[in-house]
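Q: Using the sequences provided together with the hints, build the complete structure.
In terms of the working numbering, the sequence shown is numbered consecutively and its last residue is 115.
Please keep in mind that the hints were generated in silico from the structure rather than gathered at the bench.
Take the hints with a grain of salt, since some may be wrong.
[Claimed, not checked] Calculated lysine-lysine pairs in the DSS-like style (CA-CA distance at most 30 Å, straight line):
{"no.": "1", "residue 1": "K97", "residue 2": "K64"}
{"no.": "2", "residue 1": "K96", "residue 2": "K21"}
{"no.": "3", "residue 1": "K57", "residue 2": "K29"}
{"no.": "4", "residue 1": "K59", "residue 2": "K29"}
{"no.": "5", "residue 1": "K64", "residue 2": "K96"}
{"no.": "6", "residue 1": "K59", "residue 2": "K97"}
{"no.": "7", "residue 1": "K21", "residue 2": "K59"}
{"no.": "8", "residue 1": "K29", "residue 2": "K97"}
{"no.": "9", "residue 1": "K21", "residue 2": "K57"}
{"no.": "10", "residue 1": "K96", "residue 2": "K59"}
{"no.": "11", "residue 1": "K96", "residue 2": "K57"}
[To be verified] Distance ranges between label pairs, derived from CB positions:
{"no.": "12", "residue 1": "K59", "residue 2": "Y80", "range": "32 to 42 Å"}
{"no.": "13", "residue 1": "R60", "residue 2": "K29", "range": "12 to 22 Å"}
{"no.": "14", "residue 1": "N61", "residue 2": "Y81", "range": "28 to 38 Å"}
{"no.": "15", "residue 1": "T93", "residue 2": "Y17", "range": "26 to 36 Å"}
{"no.": "16", "residue 1": "S52", "residue 2": "Y86", "range": "13 to 23 Å"}
{"no.": "17", "residue 1": "I39", "residue 2": "A78", "range": "10 to 20 Å"}
{"no.": "18", "residue 1": "R60", "residue 2": "V28", "range": "14 to 24 Å"}
{"no.": "19", "residue 1": "Y17", "residue 2": "S92", "range": "33 to 43 Å"}
{"no.": "20", "residue 1": "R46", "residue 2": "A91", "range": "16 to 26 Å"}
{"no.": "21", "residue 1": "K21", "residue 2": "T93", "range": "29 to 39 Å"}
Here a beta-carbon is modelled for each residue, glycine too, at the ideal position from N, C-alpha and C.
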Amino acid sequence: MGRKRSILSQCDGDYQHNKIMEMLVVKFLHQTLTDVIIPTFDIRLLQPISFSTLKAKRNASKVSWLSDNCIGTSAAPYYMPPYYFEMHASTGTKKFNLVDGVVAANIPVSFSS
Numbered sequence: 003m004g005r006k007r008s009i010l011s012q013c014d015g016d017y018q019h020n021k022i023m024e025m026l027v028v029k030f031l032h033q034t035l036t037d038v039i040i041p042t043f044d045i046r047l048l049q050p051i052s053f054s055t056l057k058a059k060r061n062a063s064k065v066s067w068l069s070d071n072c073i074g075t076s077a078a079p080y081y082m083p084p085y086y087f088e089m090h091a092s093t094g095t096k097k098f099n100l101v102d103g104v105v106a107a108n109i110p111v112s113f114s115s
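A: Now the structure itself:
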């Protein structure tokens, strides 16, 4: 019930979201023990977005919840609805509508610039 179910998705993703939040000990991306890169795709901007530990450590405005990144990269378009979240920083609020990063591989035009 909490989330709106997308017309094309097979499930609402609530169980997955709750399980990811329950399993993560580390709360923020910059707190991971090893450097990670999490590829996602923003369906509103139609461009790939990557979240990385190094970016988060260097720039305080790029700090995000690890659970948001994990849920965003696991939102396979046919099975899960896109994941929306906001990152608040001193420079303003950035909005994301994320799906699995492999979507970028299926849109070759996004890499042509």
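Q: Check each numbered hint from earlier against the structure, then list the numbers of those it violates in ascending order.
A: No numbers; nothing is violated.
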